[in-house]
Amino acid sequence: AQTVTQSQPEMSVQEAETVTLSCTYDTSESDYYLFWYKQPPSRQMILVIRQEAYKQQNATENRFSVNFQKAAKSFSLKISDSQLGDAAMYFCAYRSPPLRANSKLTFGKGITLSVRP
Amino acid sequence: AAGVIQSPRHLIKEKRETATLKCYPIPRHDTVYWYQQGPGQDPQFLISFYEKMQSDKGSIPDRFSAQQFSDYHSELNMSSLELGDSALYFCASSPGRGPQTGSGANVLTFGAGSRLTVL
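Here the protein sequences line up with chains X and U, keeping their order.
Heads up: the first sequence is residues 1 to 117, going by this note's numbering.
Heads up: the second sequence is residues 118 to 236, going by this note's numbering.
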């Protein structure tokens with residue numbers, strides 16, 4: 001079974017600065033998908049960014065980018081120019097290809113990010 | 118764009134009562150997932166359905182059951198409720214299997230959740 005590990009329970013960043021959230025995973029599959037979801041105080045689960053394992057290029061979405069290291073099974077999220085609205089819990093998640101019956105999302109424990117004004 | 122609709126948003130029940138949560142997936146999404154999230158915890162997978170058939174099962178108690186109907190909406194039935202069942206229950210939907218393209222490809226889209234409180 002796949003596992004996702006987020007070893008940092010909390011992080012803090014100054015507004016306008018850059019912060020990196022770490023995530024590692026374990027899998028024997030060669031094809032899969034990785035995601036970062038954001039959960040603000042409203043507790044809505046919001047997709048931040050996704051990465052297909054077969055793509056070598058790191059995904060970017062505006063101020064959010066990832067550092068995907070497939071051999072090391074590492075998938076970190078970098079938030080640039082942090083804003084107060086970025087304060088939330090961030091979950092790293094793994095998904096097997098949708099062709100498989102068990103293509104659910106497996107989440108890490110999450111990391112609480114606070115942004116200092 | 119249409120999103121995943123969950124109802125009710127809030128539900129308060131007594132111990133040993135029964136509760137039913139409903140989920141309406143994004144149109145043309147044929148796969149539905151249910152997750153349970155306790156306070157300060159990560160979402161735990163309960164069960165999923167693909168084309169109205171159960172496709173995967175996680176840590177769902179025997180007291181819980183679920184199904185997906187012909188219109189692809191899903192219901193999670195919880196009986197003999199316990200205090201520990203108090204949690205946020207998420208439903209998520211995704212497009213079916215096979216190659217996918219576009220911004221929603223291979224992504225689970227979550228509803229706003231149903232908050233269950235058992236007293």
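Calculated from the structure, these hints are not laboratory results.
Keep in mind that the hints are not guaranteed to be accurate.
[To be verified] Taking beta-carbon pairs under 10 Å as the criterion, some of the chain X residues facing chain U (in silico): (1) 7; (2) 11; (3) 20; (4) 33; (5) 35; (6) 37; (7) 52; (8) 97; (9) 103; (10) 105; (11) 106; (12) 107; (13) 112; (14) 115; (15) 116; (16) 117.
Quick reminder that beta carbons are idealized off the backbone N, C-alpha and C, glycines included.
Here is how each hint holds up against the structure:
| no. | hint | verdict |
| --- | --- | --- |
| 1 | 7 | violated (13 Å) |
| 2 | 11 | violated (16 Å) |
| 3 | 20 | violated (20 Å) |
| 4 | 33 | holds (5 Å) |
| 5 | 35 | holds (7 Å) |
| 6 | 37 | holds (8 Å) |
| 7 | 52 | holds (7 Å) |
| 8 | 97 | holds (8 Å) |
| 9 | 103 | holds (8 Å) |
| 10 | 105 | holds (5 Å) |
| 11 | 106 | holds (7 Å) |
| 12 | 107 | holds (4 Å) |
| 13 | 112 | holds (9 Å) |
| 14 | 115 | violated (19 Å) |
| 15 | 116 | violated (22 Å) |
| 16 | 117 | violated (24 Å) |
This entry does not satisfy hints 1, 2, 3, 14, 15, 16, going by the numbered hints stated previously.
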